[in-house]
Amino acid sequence: MSLRKDPDVEKKPKTGFSRRGFIRGVGLGSGAVGILQTEAQAEPVAAADVAGPGPVPITLTINGKPVKLSVEPRVTLLDALRDHLDMTGAKKVCDRGTCGSCTVIMAGKVVYACSVLAIDAQGKPIQTIEGLATAGRLHPVEAAFVNNDAQQCGFCTPGFVMAAKGFLDHNPDPTMDQVKAGLGGNLCRCGTYMGVRKAVLEAAKQMKGAASA
Amino acid sequence: MPDPNYSWPPLGKSRVMRKRMSRLDGPAKASGKAKYGYDIHTPDLLFGALLTSPYAHARVRSIDTGAAEKMTGVMAVEVVSPAGTEIQWAGTEVAAVAATSETIAADAVRAIKADYEVLPHLVNEEDLGKTGSRSKPAGEILTGDPDQAFKDADTVSEGYYGCPVLTHCTQESHGQVIAWKGDKIEFWPSTQNLSGIGGDLARALEVPAANIHAHQDHMGGGFGSKFAADRWGMICAKLSKKAGGRAVKLFLDRRADLEMAGNRPSIFAKVRLAAKKDGTITAWQSESWGTSGVSGGGVSPTQLPYVYVQIPNKRVNHTGVVTNNGGARAWRAPNHPQAAFVTCCAIDDMAAAVKMDPLEVFKKNADYTARAEVYRAQLDKAAELAEWKKLWHPRDQAGSGPMRRGLGIGVGTWGGLGHPSDCRTRIHPDGSVDVELGSQDLGTGTRTVIAMVAAESLGLTVPQINVKIGDSSYPQSGASGGSTTVGGVSVSTRKATLNALAKVYEAVAPALGAPADQLEAVDGKIQVKGNPAKSMTWKAACQKIGVKPIEAMGTNNPKQPMGLISQGVGGAQIADVSVDIETGVVKLNRLVAVQDCGLIINPKTAESQVYGACIMSICGALYEERLMCEKTGRFLNADMEFYKLAGIADIGEIVVHLDINEEHDKRGVIGLGEPPVVPGMGAIANAVANAIGVRVPRIPLTPDRVLEALARRTA
Amino acid sequence: MQSFEYASPATLKEALALLGNQWGEADVLAGGTDQLSLMKEYVHTPKRVVNIKGIKELGGITKTAQGLRIGATVTLDQLLASSAVRAEYPSLITAAQGVTSPQIRNMGTVGGDLCQRPRCWYFRMGMGLLAKGGSLVREGDNRYHAIFSGGPAYFVSASSFGPALVALGAKVKLASASGTRELEVEKFFVMPRIDTARETALQPSEILTEIIVPSAVGVRNATYEVRQKEALDWPLATASVALKMKGAAVASARVVMGHVAPTPWAALQADQLLVGKTIDEGVAEEAAQAAVSGAQPLSGNGYKVQIARTAVKRALLAAARRRG
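So the sequences go chain by chain: A, B and C.
The numbering of the first sequence is our numbering, which starts it at 1 and goes up by one.
The numbering of the second sequence is our numbering, which starts it at 1 and goes up by one.
The numbering of the third sequence is our numbering, which starts it at 1 and goes up by one.
Only chain A is shown next, with the shape it has when bound in the complex:
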């Protein structure tokens, strides 16, 4: 088979949203059972811009920096990070919002990057594992994972670290039971949970120490 042109190279992404949604006729509510008439809807409705289905230019704010890329609306945040930006700390394991290996922090909350559309992640600060260590120094959560051997093969580890970081941001002084409940959205196959529990408690101590120092 002959080589064909690479569409990523060939296609210039559109510079903005172009098409408009179909504007439908609107009227008063019908008399059907259960339908209550609400606000008057006489004036025509301005429809929102519609993007895609081809690649669309988007800007994500990742670890404090704006990043421009071009993706189809169907591309998840996880695939955008891994395939388009070569940020491979977040892992693709279940790809169905179950295992937590793709966990990132978006707008201050832990989320599964596999279950967020990249285009929908615009305008929200995204923190990934790559943004945690500063100037080559491990973040206290990362350091605690190392100290407590909270990792084996390590494939789930970045997701766990992000889940732990997000958890500690909202629970700076957790009990062991809270740690267990707070990390219920991540799975590890090697069985590193005993280390993870200790690591999260140790990281909490370290971070508090750092905060009060």
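Some clues are possibly wrong.
[To be verified] Under the rule of at most 25 Å between Cα atoms (straight-line distance), these lysine to any residue pairs were calculated in the SDA-like manner:
id	chain 1	residue 1	chain 2	residue 2
1	B	113	C	125
2	A	109	C	69
3	B	33	A	135
4	B	33	A	63
5	B	468	B	14
6	C	132	B	627
7	C	53	A	169
8	A	109	C	61
The hints are simulated quantities; they were obtained by calculation from the structure and are not laboratory data.
Values in this document were obtained by computation on a predicted structure and should not be read as measured data.
For chain A, the structure is supplied; the task is to place chains B and C on it using the hints.
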């Protein structure tokens, strides 16, 4: 020059080995910098995707890739199962594509039209009566005179025990990145067999092995399922070649990974035990069956009875069932966890039948094991840590109220002799040290133990050692299976580093005014033995080497262990569970693991191995199970949602006691990855029987099965 | 996923204008935890995805004269943090806590919880909502399927909040370009008899905009879920109860079970039995037995009857322990 003395420093005399050391690749992994095969991203990367069969048994009638080939961005299409191919399990690769993006690859797969003639399938094996001609009896193993023993017995206990097929469900799915340009193949697999996988791919592609260069810094879990280059490796290579040598990434999605990338055989067994009033077992009889997929197979009957192998009278029958499922692969301690589960449950049921404390019964019969005193001591230690005396109660006295607590015992054994391994050590004139092995770190801590052994041998610290593994250009080292890696790499590293050090001694002997064999390397110095006053720093010593580095090889030959490695360990575990008898939900309170282990190089990562093994046992006992639909032939829970794995709150407390003592330490290094995964399922199943007063025969011990057993007890 | 065009309107009106009149034209995206999985499995292949998270009017929890208004895009996490919900609706709190993944609680929305599709593995493998008229479920592996149904639908409603909202008498507001209707949550969930591909009353042109929960002052309410795992796991059965009291006795009761039927399943016999009773272990047990008396388990899910019974009993006892 005679060989250096390779023997390990004795217990209490090592400076680096036997200390708790954080894994060297921990920072890279915890910070997301570690690159796995799945993370490889070359500038010209293409994305592979597979079309797989939705039918468990079918013949491909036709396959049309025309539309896919015409799609923009599709760079290669490969038909894997051409018309006429008989498909033997759902998930079989039918066709593959490589495209410039994942989305285009997915669209292209959807555009391939495949038509199948659907054939009758069998995907479930527990109901042996329904397997018909798919059942393949394996013949009988007879020892002593079981018929007479059963006639003479004070008690005969009977039980049925079942353990389904599990999948490896590695976090990093199976797959690779391959760039086949000209006659050279760059290969980034996810493998347990870095030195061997290139040769495996070479055979499949009929190219010289020397043309394949395999790289792997990190890998995301194998557990026995990642030794071969696999069909998808071959497919990936062909896609790359068709696409003009561009790198292709082809990793299985979760469904395909569970469907076809390996699993653990099932076992279902009817067991009879003959015993004396005092709990002494006199005979064993078992009829077992199970499946390894299309090969029939199942758990090897030679493993029954397990650990208690010297029971004098035995009749063992086994039937393999051929099913339309992806083939079994080695799974962390092949055959052992299943055999341990069946045996430990049968012994526990016998103890209940003679109304004895199972701890006493397991101990009393330990004379039937290869290491009676070790097992007795381990059982006592486990009982102490599990508060057996305080918490155990006879099976029929399980208390009142909805929550019932119980304790149960399991035992295990494993080999763990170090595999063949070569190591090359290079000591540079600037004092830096390279240690090279074509090995791999599965997350067990292999890198770290190599560095610890090298540092110990050279009188250096761990950060002074550059461990280089994960490249097929390094000296060959064995595959990581059978808990053989730590024994293999520790010995080859020990020998290579001491061989290199001997050359350093030669170089510095004149300056220190002592013969080379009177020198030692201690605390970053080379000194005259016992005379720190006559010494030079490591750096100064290495300057005497000359301009070229010193290079030395070391080899582990398992046939000549030289006292450095050994095999054969035992372990005992006690589980403590609570069962809600109104819902059937089982919660693990505590799992105590006592593990015999030889010389432990790094207790920190060794403990992690045991913790992880215990958690796998908990998953197997309570949650995991491949669910096959006989109607559709499909793997219903090929995901991580209904293929249930324990989370961080589901494992109770795990108490690990590594049985470290001088006697065990003197045996040398023994692998630890597999042994602790063996006893747990039986221990947990026995604890549940103890808690609710009745045996739940089938694991995982899900609420439906627990409630069914309770209903049987009441009826 | 099949490719789709995407819009993220700022107003409800814009969003409604973007919907189609047929399923498959446009899907609404809220939390995305289920929607993306459906699209990845090609169970849903919409031509357009309309993201409603940017619509301010669909968020927020406010007290109104009618009761508590919960915007459709309120996340489980926001619901748990709401003092108004915590004060009056422990049954909703327990249901939200039952989703034991913080990531899903942060992403998943209350509206999405009600609109999510069933987890039936045959449905998810593309074999249809009824899985070949129900025969696949009846003859296949139905361990997690319905014990109340009678067919042909045997999937279970996956909603965490559905049972509690039905018990509390809540309503949903459904908006379309042609108007807005209010529907009792009980009527929002439907047996897929007329439209065999859908399990809610939601139409393709509609968006579920808010949930209105009547005041529960004086209503003792509780949820009890039976899940096998502590980590993220679907319940095997749940029960939500709401009890109006007259002194120590029950004046009226709503007992609703979850994960046992294609809709939240109201246990009317239990409701009647409880009237005038003071709840103790024996009464709870009796009501629980009544709740499951009509169960028609399938070949592999008889155990769920016992689990549902336990859930009802424990939910009643939990509610009885509450003051209010």
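* To do: Please write out, lowest number first, the hints stated earlier that are contradicted by the structure.
  => When the structure is compared with the hints, none of them turns out to be violated.
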